[in-house]
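Between the sequences and the hints, there should be enough to build the whole structure, so can you do that?
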Amino acid sequence: MDFSLTAEHEMTQKMVRDFAQKEVAPIIREWDRKQEMAPEILPRMAELGILGICLPVRYGGQGMDFISLGLACEELEAVDSTLRVTMSVHVGLSSLTLLQWGTEAQKEEFLIPLAKGEKIGCGAFSEPGVGSDVANIQTTAKLDGSDYVLNGEKMWISLASKADYALLTARTDFEPERPTDALSCFIVDLKSKGVSTGDIKGKLGVRAGSTGWISLQDVRVPKESLVGEAGEGFKITMSGFDSGRYTVAAGATGLIRACVEASVAYANERKTFGRSIADYQLVQAKIARMAQDYEIARLLYLKVGWLKNQAVRNTLETSMAKQFATDASFAAASDAIAVHGGYGYSDEYPVERYLRNSRGAMIYEGTNEIHSLIQAGYALGTRKDRPLRREMPAYEEDLWHSN
Amino acid sequence: MNIVVCVKQTTDTAATLSVVDGEASYGDAALVLNPWDEYAVEQALLTKEAEGGKVTALCLGPDSAEDALKQALAMGCDEAVLILDAVFESADTLVVSRALAAGIEKLDPPELVFFGKSAVDSDTGVMGPQVARRLGWPSLNLVAAIPELDASAKTITVERLLEEGRQIVSGRLPAVVSVVKEINEPRYPSFMGIRKASKAEIPRWSAADVGLSGQIQPALSWPEILAPEKSEAVCELIEGGDASEIARKLVDRLVEEKVI
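Going line by line, the protein sequences match chains W and S. Going by our numbering, the first sequence opens with residue 100, and the numbers climb by one from there. Going by our numbering, the second sequence opens with residue 70, and the numbers climb by one from there.
Don't read these hints as lab results, they were simulated from the structure. Just so you know, these numbers come straight off a predicted model, no measurement behind them. Quick reminder that beta carbons are idealized off the backbone N, C-alpha and C, glycines included. Any given hint might turn out to be false.
Said to hold, decoys possible - Residues on chain S that point at chain W, a partial pick, calculated with CB under 8 Å:
| id | residue |
| --- | --- |
| 1 | Ser94 |
| 2 | Tyr95 |
| 3 | Gln140 |
| 4 | Ala143 |
| 5 | Asn253 |
| 6 | Pro258 |
| 7 | Met261 |
| 8 | Arg264 |
| 9 | Ala266 |
| 10 | Trp274 |
| 11 | Leu319 |
| 12 | Arg322 |
What the hints assert, rightly or not - Okay, derived cross-link-like pairs now, EDC-like style, lysine to aspartate or glutamate, Cα gap no bigger than 20 Å in a straight line:
| id | chain 1 | residue 1 | chain 2 | residue 2 |
| --- | --- | --- | --- | --- |
| 13 | S | Lys250 | W | Glu122 |
| 14 | W | Lys121 | S | Glu148 |
| 15 | S | Lys268 | W | Glu495 |
| 16 | W | Lys370 | S | Glu308 |
| 17 | S | Lys265 | W | Glu122 |
| 18 | S | Lys268 | W | Glu496 |
| 19 | S | Lys250 | W | Glu495 |
| 20 | W | Lys121 | S | Glu308 |
| 21 | S | Lys117 | S | Glu148 |
| 22 | S | Lys268 | W | Glu122 |
| 23 | S | Lys268 | W | Glu109 |
| 24 | W | Lys121 | S | Glu251 |
| 25 | S | Lys318 | S | Glu308 |
| 26 | S | Lys265 | W | Glu129 |
| 27 | S | Lys265 | W | Glu109 |
Structure, rendered in structure tokens:
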């Protein structure tokens, strides 16, 4: 068993780290306060190829593997969660879902500009009254001639107001045999007539990002916009989450690392009762816990990356990695505030932002309560992976690098 | 235009130097492409993009220095060569400049050789000028801009960054140019570059391969390395009713401490 990263992985890690630390870290507090996304970030991530990191070269991507995607997410979220959120929705939920399920024509039209970063993608699943209960999605898509007509509201959609395309799940069967057969997925151009979008303000965290809503009123999309087959929407949405949750897990791991680094630096600098606070065992216990959680979270996500490279189904492992890393990042951020004392409670230090940012990831891409149920299902034998009509392809260099 | 960029692997700038058992030690600090050399690599790439040709990165160092060359390849250099030999283990700048100059003479003849202004670890800042002297080429150092470069007329004009201002200097090609950070903004490696670099087989040249033989002795050595003694600072606040009283007390204290 070889746990070492390749030279390719190490260079990827350094490149993304340099970008995030040099270009985003100095400005992030200001944009977090403004509750806006710095306008230069998406174009810069596109220019550097980060937005297409693990897509095959022939579809406009950079041809790196799934481990590289995870490493990039770790580096991005070590600076700010909003950078990683972009990867979750643009790469995870939309681009990789199109790679797995899209037709060649859809890949040509939508995946290539997404992988090149010329267009931005998001995933539109949640609704004002529907989150974990995906099968209950209320947005409708009705076939009318050669078009589907979409109506409904999507809510809590990352990059809703920035994205060009949404991978969107809607109800197409109104008398299904099983509730999960009712849904279908579409790739929707958000510039279409009848689409309006907006941002949600006043969130606890990810304030330097864009989280919003999408309203669809008699939006006509050609029937070629259907991704996969009619009735496959539930499966497609869930396989999209297998990609998205991986990026959340890797990112939360980066957040834990940021908490360790900030806490170690502060503990060595701050003195109380005439001694460095790093000398106190209760401070050490907090730092040890964070460092241990970082290591565990990293092992979990890297294993998932490895499974993805081999095209081994990883719904269970991804769920574990996501739940563990996000819970641990919340605990690490809270402990980091404790290490920082009063200063940790103000935005003079980054740890309060880490805490606010960490909380969201315990809710989105499957609440951590849902993840417990998923994992219990596998353990109890009530849940089993069934083969999918289209599996995510394995990372094979020839396939990923050929033009 | 053939371009060579000479690079060194150094510790990360965040690393701290300490003395352990009489040896200078950076502990287990990360090793990187010398940050000043990133500007040299960038300038070599910009020059190639404007003039055509190829960029070869050349490094003298241990096994691990291959990573610095891979970084240069990932940024876009076409080729890389590592000069590696046990005889260079205690090399000083005179030995390194001899080896680099010999390495450059073994490559396709370049018109330009770039260096960073110095290495962040040893910080001698002499490698560019020394290599230029050995090659018998003009040495243009502390270069902050290259306003003119004419490959056919074989001329170059540069702006040297001096404390008093900028000095415009013209010279003939081939030349050795060492650059300061004001010259450009180094690019990040591209993913395609990273893939190419990670698979690259970097040729290794020994001292004999570059034509160096016999005694290769450094002229300088570090017989003893001492850490500066730690000084404890004590802060004392001088209080008083008004400024003149505080000043009087301060003077008394400074006299008492024999500072004045």
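Okay, the hints, checked on the actual structure:
1. The closest approach between the C-beta of serine 94 (chain S) and any C-beta of chain W is roughly 20 Å, which is over the 8 Å cut-off, so the hint fails.
2. The restraint placing tyrosine 95 (chain S) at the interface with chain W is violated, with a minimum CB-CB distance near 18 Å, outside the 8 Å limit.
3. The interface hint given for glutamine 140 (chain S) holds, since its Cβ lies 7 Å from the closest Cβ of chain W, which is under the 8 Å cut-off.
4. A cut of 8 Å between beta carbons decides the hint on alanine 143 (chain S): the least distance to chain W is about 5 Å, and the hint holds.
5. Hint on asparagine 253 (chain S) is violated. Least Cβ distance to chain W is approximately 15 Å, over the 8 Å limit.
6. For the restraint placing proline 258 (chain S) at the interface with chain W, the shortest Cβ-Cβ distance is roughly 5 Å, inside the 8 Å limit, so the hint holds.
7. Annotation: methionine 261 (chain S) was flagged as interfacial toward chain W, and the flag holds, the nearest CB pair being 7 Å apart, inside 8 Å.
8. Because the smallest distance between the Cβ of arginine 264 (chain S) and any Cβ of chain W comes to about 6 Å, under 8 Å, the interface hint for this residue holds.
9. The interface hint given for alanine 266 (chain S) is met, as the beta carbon of that residue sits about 7 Å from the closest beta carbon of chain W, less than 8 Å.
10. For tryptophan 274 (chain S), the shortest C-beta to C-beta distance to chain W is roughly 21 Å, which exceeds 8 Å, and the interface hint is violated.
11. A cut of 8 Å between beta carbons decides the hint on leucine 319 (chain S): the least distance to chain W is about 27 Å, and the hint is violated.
12. A hinted interface residue such as arginine 322 (chain S) counts as satisfied when its beta carbon comes closer than 8 Å to some beta carbon of chain W; here the least separation is about 24 Å, so the hint is violated.
13. For the hint pairing lysine 250 (chain S) with glutamate 122 (chain W), the CA-to-CA distance comes to about 17 Å; that is within 20 Å, so the pair holds.
14. Under the criterion of a C-alpha separation no larger than 20 Å, the hint pairing lysine 121 (chain W) with glutamate 148 (chain S) is inconsistent with the structure, at around 28 Å.
15. Between the alpha carbons of lysine 268 (chain S) and glutamate 495 (chain W) the distance comes to roughly 15 Å, so the proposed pair stays at or under 20 Å and holds.
16. Proximity of lysine 370 (chain W) to glutamate 308 (chain S) is assessed by CA-CA distance (about 25 Å); at most 20 Å being required, the pair is judged violated.
17. For the suggested pair lysine 265 (chain S) and glutamate 122 (chain W), the alpha carbons sit about 25 Å apart, so the restraint of at most 20 Å is broken.
18. Of the supplied pair hints, the one linking lysine 268 (chain S) and glutamate 496 (chain W) holds, its CA atoms being roughly 12 Å apart against a limit of 20 Å.
19. Between lysine 250 (chain S) and glutamate 495 (chain W), the direct Cα distance comes to roughly 40 Å. Violation of the 20 Å bound is thereby established for this hinted pair.
20. As the CA atoms of lysine 121 (chain W) and glutamate 308 (chain S) are separated by approximately 43 Å, the hinted pair breaks the 20 Å bound.
21. At roughly 13 Å between alpha-carbon atoms, lysine 117 (chain S) and glutamate 148 (chain S) fall within 20 Å of each other, so this suggested pair holds.
22. The straight-line distance between the Cα atoms of lysine 268 (chain S) and glutamate 122 (chain W) is roughly 29 Å, outside the 20 Å bound, and the hint therefore fails.
23. Proposed proximity of lysine 268 (chain S) and glutamate 109 (chain W) is supported: the alpha carbons are some 13 Å apart, at most 20 Å.
24. Among the hinted pairs, lysine 121 (chain W) with glutamate 251 (chain S) is consistent with the structure: their alpha-carbon atoms are about 17 Å apart, no more than 20 Å.
25. Pair hint lysine 318 (chain S) plus glutamate 308 (chain S) holds up; C-alpha atoms about 8 Å apart against a cutoff of 20 Å.
26. Proximity of lysine 265 (chain S) to glutamate 129 (chain W) is assessed by CA-CA distance (about 38 Å); at most 20 Å being required, the pair is judged violated.
27. For the proposed pair lysine 265 (chain S) and glutamate 109 (chain W), the alpha carbon gap of about 14 Å is at most 20 Å, so the pair holds.
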